[in-house]
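J.: Following the hints, complete the assembly by docking chain B onto the known chain A.
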Amino acid sequence: MNVNQSIPPVPPFGQPQPVYPGYHQSSYSGQSGSTAPAIPYGAYNGPVPGYQQTLPQGISRAPPSSGAPPASTAQAACGQVAYGQFGQGDVQNGPSSTVQMQRLPGSQPFGSPLAPVGSQPAVLQPYGPPPTSAQVTAQLAGMQISGAVAPAPPSSGLGYGPPTSLASASGSFPNSGLYGSYPQGQASPVSQAQGHPRIQTPQRSAPSQASSFTPPASGGPRLPSMTGPLLPGQGFGGPSVSQPNHVSSPPPQALPPGTQITGPLGPPPPMHSPQQPGYQPQQNGSFGSTRGPQPNYGSPYPAAPTFGSQPGPPQPLPPKRLDPDAIPSPIQVIEDDRNNRGTEPFVTGVRGQVPPLVTTNFLVKDQGNASPRYIRCTSYNIPCTSDMAKQAQVPLAAVIKPLARLPPDEASPYVVDHGESGPLRCNRCKAYMCPFMQFIEGGRRFQCCFCSCINDVPPQYFQHLDHTGKRVDAYDRPELSLGSYEFLATVDYCKNNKFPSPPAFIFMIDVSYNAIRTGLVRLLCEELKSLLDFLPREGGAEESAIRVGFVTYNKVLHFYNVKSSLAQPQMMVVSDVADMFVPLLDGFLVNVNESRAVITSLLDQIPEMFADTRETETVFVPVIQAGMEALKAAECAGKLFLFHTSLPIAEAPGKLKNRDDRKLINTDKEKTLFQPQTGAYQTLAKECVAQGCCIDLFLFPNQYVDVATLSVVPQLTGGSVYKYACFQVENDQERFLSDLRRDVQKVVGFDAVMRVRTSTGIRAVDFFGAFYMSNTTDVELAGLDGDKTVTVEFKHDDRLNEESGALLQCALLYTSCAGQRRLRIHNLALNCCTQLADLYRNCETDTLINYMAKFAYRGVLNSPVKAVRDTLITQCAQILACYRKNCASPSSAGQLILPECMKLLPVYLNCVLKSDVLQPGAEVTTDDRAYVRQLVTSMDVAETNVFFYPRLLPLTKSPIESTTEPPAVRASEERLSNGDMYLLENGLNLFLWVGASVQQGVVQSLFSVSSFSQITSGLSVLPVLDNPLSKKVRGLIDSLRAQRSRYMKLIVVKQEDKLEMLFKHFLVEDKSLSGGASYVDFLCHMHKEIRQLLS
Amino acid sequence: MATYLEFIQQNEEQDGVRFSWNVWPSSRLEATRMVVPLACLLTPLKERPDLPPVQYEPVLCSRPTCKACNVDVPALIELFPSFQFPPAYGGISEVNQPAELMPQFSTIEYMIQRGAQSPLIFLYVVDTCLEEDDLQALKESLQMSLSLLPPDALVGLITFGRMVQVHELSCEGISKSYVFRGTKDLTAKQIQDMLGLTKPAMPMQQARPAQPQEHPFVSSRFLQPVHKIDMNLTDLLGELQRDPWPVTQGKRPLRSTGVALSIAVGLLEGTFPNTGARIMLFTGGPPTQGPGMVVGDELKIPIRSWHDIEKDNARFMKKATKHYEMLASRTAANGHCIDIYACALDQTGLLEMKCCANLTGGYMVMGDSFNTSLFKQTFQRIFTKDFNGDFRMAFGATLDVKTSRELKIAGAIGPCVSLNVKGPCVSENELGVGGTSQWKICGLDPTSTLGIYFEVVNQHNAPIPQGGRGAIQFVTHYQHSSTQRRIRVTTIARNWADAQTQLRHIEAAFDQEAAAVLMARLGVFRAESEEGPDVLRWLDRQLIRLCQKFGQYNKEDSASFRLSDSFSLYPQFMFHLRRSPFLQVFNNSPDESSYYRHHFARQDLTQSLIMIQPILYSYSFHGPPEPVLLDSSSILADRILLMDTFFQIVIYLGETIAQWRKAGYQDMPEYENFKHLLQAPLDDAQEILQARFPMPRYINTEHGGSQARFLLSKVNPSQTHNNLYAWGQETGAPILTDDVSLQVFMDHLKKLAVSSAC
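From first to last, the protein sequence lines are chains A and B.
Take my numbering: the final residue in the first sequence is number 1988, and no numbers are missing along the way.
Take my numbering: the final residue in the second sequence is number 1467, and no numbers are missing along the way.
Simulated from the structure, these hints should not be mistaken for laboratory data.
There's no promise every hint is true.
Here are the computed distance ranges between Cβ atoms for each label pair [stated by the list, open to error]:
#1 B:Gln958 / A:Gly1312: 30 to 38 Å
#2 B:Leu857 / A:Val1384: 56 to 64 Å
#3 B:Gln1416 / A:Lys1391: 30 to 38 Å
#4 A:Gly1335 / B:Gln958: 50 to 58 Å
Straight-line distance between alpha carbons at most 25 Å, and here's what the computed DMTMM-like set of lysine to aspartate or glutamate pairs gives [to be verified]:
#5 A:Lys1525 / B:Glu1007
#6 B:Lys893 / A:Asp1505
#7 A:Lys1456 / B:Glu849
#8 A:Lys1456 / B:Asp944
#9 A:Lys1448 / B:Glu881
#10 A:Lys1548 / B:Asp842
#11 A:Lys1456 / B:Glu881
#12 A:Lys1525 / B:Glu881
#13 B:Lys937 / A:Asp1505
#14 B:Lys960 / A:Glu1528
#15 B:Lys1460 / B:Asp1447
Ideal Cβ placement from N, Cα and C applies to all residues, glycine included.
This is chain A alone, in the form it adopts within the complex (with noise of 0.2 Å):
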């Protein structure tokens, strides 16, 4: 909606496009000519000037208004600007801050001025045409976000019928008086349903929003308001119509920044009010939805340094710039997720439901569904049809992490053996036995859910329907009762039909000079000797079964018998790279507690026979040949633990040269830096993968590794890469250390199959992850760990059917660390829509992100980057245009309107486009970029979500007794407060950021130094200091820690200096260095986009 509200008419866009510049200028600017491309970017930041200029195209009245209000007022009145504008018809850009004008106070004195407009009426249309709740959601959504919207229930909230939704909505707003009265105005009927579009739930909330918020049984599982907007959206037949509105009031301006807020800022207030009036239901539910997110806004932003400038100018000139807090705001959408979601449980009983966010902490009960920690799919509604996924453009996928790591409290799936029969499949399509399968005849057949293939039910498992048609014993059984469970397999499921021997792991290391002069061999050593003891077991096993080996290697391997028998270890020199092979067998795998005096003397001695090493060359394949060709002789599966140094340019197969070259960055080779050197590595990887023996790399390099090729295998085998560039032991010890212990520790299953079986009319079509794949339909995975991710795309084959919804089933064959083979099903039945406003109520866009970010980066192996990312920005185009097109009411092409489940997809395909892979910096090396790509092939919802829009958490803001993780701010440097700290982290980097007029005292207390100026810039380690602020923030640290997979070093960055260039980086919703558009530009870029679309 924000966005709408942003987007300025026609001559706006003139203006908005010197604006954008950045961005896509060229196009922009051909068109803008008429307004002021000067200021373009300097608008943003001085918005002043953009604005100024925007305003005049932007016709006058909307300036006076906007300027006005405070600096958040300013922000409201933009987005009733814009709606005013609408009203108008002629205007245009304001919308772009509606979700501001709701939040302000100056919001009201806007309304009054929008009220007038004749926007009012249109939005009222919408109104009463919305038929379907999730047009209403959809326009809610856009409602929040837009300003306008906002703006306009308050004044008109209070006219407004709509109270129900106020209930919710207020709980959502409480901060801004006024927006007490909106929401509850505006939020009761539109809001909620808007707000909750996404959550669809609307509709079944039929009965009072309030009622439905309180009653989390909902359809609508987030929220309860859900319910409410349900509601509205039934009265009002027509949510659909509060779209409209949001359209109207904020199109044209959207694009130029400068240009919508001027537009906005005066005439919209007025604008809205009177839509608002109509709309306010509408709004409401936007605001209802938004809650959430804008609501929040209003009261947490209010202090941004921008807003205070801008008020002032604001009147003289009318603000130029897209108010940054008017947009959607992922924080805002976070917290309000986190609120309303993450106090119930959800229960995964409903087909269709959509899970909290992943940034919410939420308790999971398994009632027939897989748990979202398990699956989390793009939309939880999917079309009918081929030809709706097609207009709609979203991508369906589900994103699978069969071995999740579960909360403490959650329980791990059941095990359920059925002896020697094994797991009872259908026997056409073999989909396992699960909740959906429905039993007949009296419990003498069943029907297969996938493939309704009807099978005999063998007498050992028969048992007697009741009177609901449903065995008597499915709460006994896990597999008629839960969404994941776990079978045992019988031998026909192993390899060879034998049963496989407990996997093994085999330690790699690199002993070349390098790795011996940064001290890595020897810390690596010394760590193991107490690491082994930690080894991964299942279940209460004492000890665990996997049997460990070792070698170490520069350019000759050299193997290790530890043989418990023996007094001393012995080491066994290959010096034959060319044509690997396995020097031994007996004694090179070992149990750890038999062999431990050996392998201790063997940890012992390692460092020290290599000290005086002058090799520098290293191999690579040959050393995993040599991993694999143990485990192959050893017949097991098992994993390879590989540190590595630098590039293998020894003679042996797999040998490297140095081929980084920046000057191919933006050309067409470009996508060569991408791929492997040779493809002696995917033969390699292929042998692996056959032989279960998964890789994890750790790197070390000092220069160029070529990490594109080296990850390889890993890649393929389901392996982990970690890199450790210019390692240091005094620095990076402990992060080396940590992820070494996790990646040690942590669960894995091993030579492991994975098929995802779907109900007839869609199926699975493409999979992206670390893994590999022989066919078309089987994902290999040698290794699989808990935080491996396999996502999948699906596509229609044939119509589905509303009744009978889509039905996935991920079943993944695997050996578990003691080497007992098993099978994980994991269930998911979804809706199924013939409205695609059902669809865009239903998606979840952490994991619409997470797909197209895989899709992009395994994208840019073949294709040019620019091609990819024209790719993303056309695909995300489409899905909005779509949406406005079909799901919207009508309304001025120049409003930008986002559905609500939707809305961040903006600025997180932002942060997509704009990281390394995509749009690298100059100081990102090419070995990062392949770096972060393989990493997030492989990431789940949650790492994907946090690595490309980082968290940045106020230190000092929250009381320092509060135990809670402080409210974050958005990623952006205005948000940055000098005189206070901060901490950004995206899962793989982890910075304090010390705000030049930081208090002395909390100087001392965290850095035990005097002053700002003597605290040690990229200073890693906070000094342990008892005090409580020192405790806290390394607490904090340390919990940051926790919830990610890999450790984050720290890094104190302070303000003003060089490392902050590093910092800002991160900071995404502002101009990248390298060419990345800020929030608010891309913003209006996207909408221009969609613009053309329509048209």
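T.: Quick look at chain B alone, frame taken from chain A:
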């Protein structure tokens, strides 16, 4: 010098040389008519307790083309008229004569002081695909051997099974080895690269060519002085495991002998070329994979037999032989030698590997198991010391033969390789390994004996003046086991005689023993490359011709045939030679044949004769032990027989004796004499066992015992099932064979000799 016999004996003792003819026919034509070529058996390092080495270097004839050593000058001057005294001899006087000028020093040994001394090197190449107790026994033997090695000798260890491991011995704490795949043939360069030998060695040699010897010692981690790593290696050997790779039923263990040897050769080649070194290969079965494989790992396909070879059905033989020949020639070129200790019940591929030992002067030992005294003692005996406390082994010898101009060198047969030194004294006709006047003998001991064949080239129309002498000088450069370089020079002179006028002289000077051995060597040498029957025919023809030439008979009257004393035994030797395992492959596996031939080609005359015609002693109450005819008639019920075939010592109790023993008479005090009788052959056998290398198979059997076959197969089958009843029951034991007896053989010989048809 009363008789030729004494002369011959004396010569042998003094010079280690026995000639087939001790008076030489003076013309080429006459010489060829003698049938048995002019040749000698030379034992270059014959032990001479009475010969102290002189501490200076030999003086050479200063004529560059000659370079003969200055020994026995009076003879020399006579023989090499152009000999010029080098200036060093300026101060010679009657009282101060250098040793070489004294006539009794026809053999003299010089010690060379210059040059650094290189240590002895022993590289153990050990098969680990053995049964547990075999391996244990082998390990013990190896550990024991460490204590026998000179403390500064370098030792190395390579073990192999499916893989080949080269053990690094210098490291403390952790034992380190380089492992190679057993299926891949590697070049020497690759091996050295992989062992990391090239890098350190190269710059050092280039940088300091002056003292290259110092450094290799340090640089080679694989070869270390015994005294340094004694404990380490003992532990290492102790921890040696059987090859851990599983051997499924119906398969042979995978044994990479070919690659192991190749690596051993490559290792020494890269580190200590031209330094005395022994590669000692201990193997318990045939190579089953990689280059040099002799048989596949399927047990159902047996290893090749003579039958297969004749049918050209031995798949791997040619390739394997080629592999080992290539290794052998490389080893020889580097002056190292390869010993093969093969202990297994089945064949181990000696046929293919024989060249390794044959060409390099290494030992070949064949036994049933490492856990037998045969192996243990044989192995131990390698390290026995002589009266000076030195090992009885020498390395890297070159034998240079010089002749006076009436003679040319036709070739040599023995554990040597040609150095391809052409010269005026090299004949175009080759006998054995010819075409050269120098041979390399990489490993030799005091009994190593070469057969050297000459050709008289003096033309009939250029008679040699009466009393003229021909001379031959053998110059052997070698590395003594004390690591000194030494040179032993033996100069021989013999009288020329005109065969037409002085045939009696020549005849009397015939050494039939030496001649038999020399002819046998020729025969065996031919047998390696020719079909068995052809060789026998050739031998027969030679024998007949000899008899025709030297026999006294009336034409066509075989009864009148007589041979003089000096020839009388020769046909008998030939008879037994024809039956010997050296020429007969029947009943022997290819490995056994190779083994027997190997030893035949390197033992001295006495041993060789035993091999050709085993010795049989008889013990009885009738008197002291006496040698008896190797004939079935010697097998009597009341005798104990002791047979020595070199490879076997057989004690055979006659029927009655066996019964007595069974009845336990030996335990009764009143039959103590019986006890002594039983004990006597045991003691004598022990004596032989003590002295013999390799240790013979010791067989104690009795009448009717299965092992009695060893005896029965050797004796002359004078009584067989065919003529049993013609000879009466009382004497001897019948042999169930269709072989001809000596009597029949002689009859035929006489008939043919007197026949004018030939």
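J.: Can the restraint linking lysine 1548 of chain A and aspartate 842 of chain B be considered satisfied, given a maximum Cα separation of 25 Å?
T.: At roughly 46 Å apart (the allowed maximum being 25 Å), aspartate 842 of chain B and lysine 1548 of chain A break the hint.
J.: Return holds or violated for the Cβ distance of leucine 857 of chain B and valine 1384 of chain A against the range 56 to 64 Å.
T.: Given a distance of about 57 Å, which is inside 56 to 64 Å, the answer is holds.
J.: Look at the Cβ atoms of glycine 1335 of chain A and glutamine 958 of chain B and judge whether their distance stays inside 50 to 58 Å.
T.: Given about 54 Å between the Cβ atoms, the range holds.
J.: Taking only the CA atoms, is the gap from lysine 1456 of chain A to glutamate 849 of chain B under or equal to 25 Å?
T.: Judged against 25 Å, a Cα distance of about 22 Å means the pair holds.
J.: Within a Cα-Cα threshold of 25 Å, do lysine 960 of chain B and glutamate 1528 of chain A meet the stated pairing?
T.: holds (20 Å)
J.: If you draw a straight line from the CA of lysine 1448 of chain A to the CA of glutamate 881 of chain B, is it 25 Å or shorter?
T.: Holds: lysine 1448 of chain A and glutamate 881 of chain B sit about 22 Å apart, inside 25 Å.
J.: Is lysine 893 of chain B within 25 Å of aspartate 1505 of chain A, Cα to Cα?
T.: violated (31 Å)
J.: Is the straight-line distance between the alpha-carbon of lysine 1525 of chain A and that of glutamate 881 of chain B 25 Å or less?
T.: violated (32 Å)
J.: Lysine 1456 of chain A and glutamate 881 of chain B were given as a pair; does the straight-line alpha-carbon distance stay at or below 25 Å?
T.: holds (18 Å)
J.: Hint check: lysine 1460 of chain B vs aspartate 1447 of chain B, CA-CA at most 25 Å. Holds or violated?
T.: holds (21 Å)
J.: Take a look at whether the Cβ-Cβ distance between glutamine 958 of chain B and glycine 1312 of chain A falls inside 30 to 38 Å.
T.: holds (33 Å)
J.: Does the Cβ pair glutamine 1416 of chain B, lysine 1391 of chain A satisfy 30 to 38 Å?
T.: violated (49 Å)
The structure is inconsistent with the numbered hints 3, 6, 10, 12, although it conforms to all the rest.
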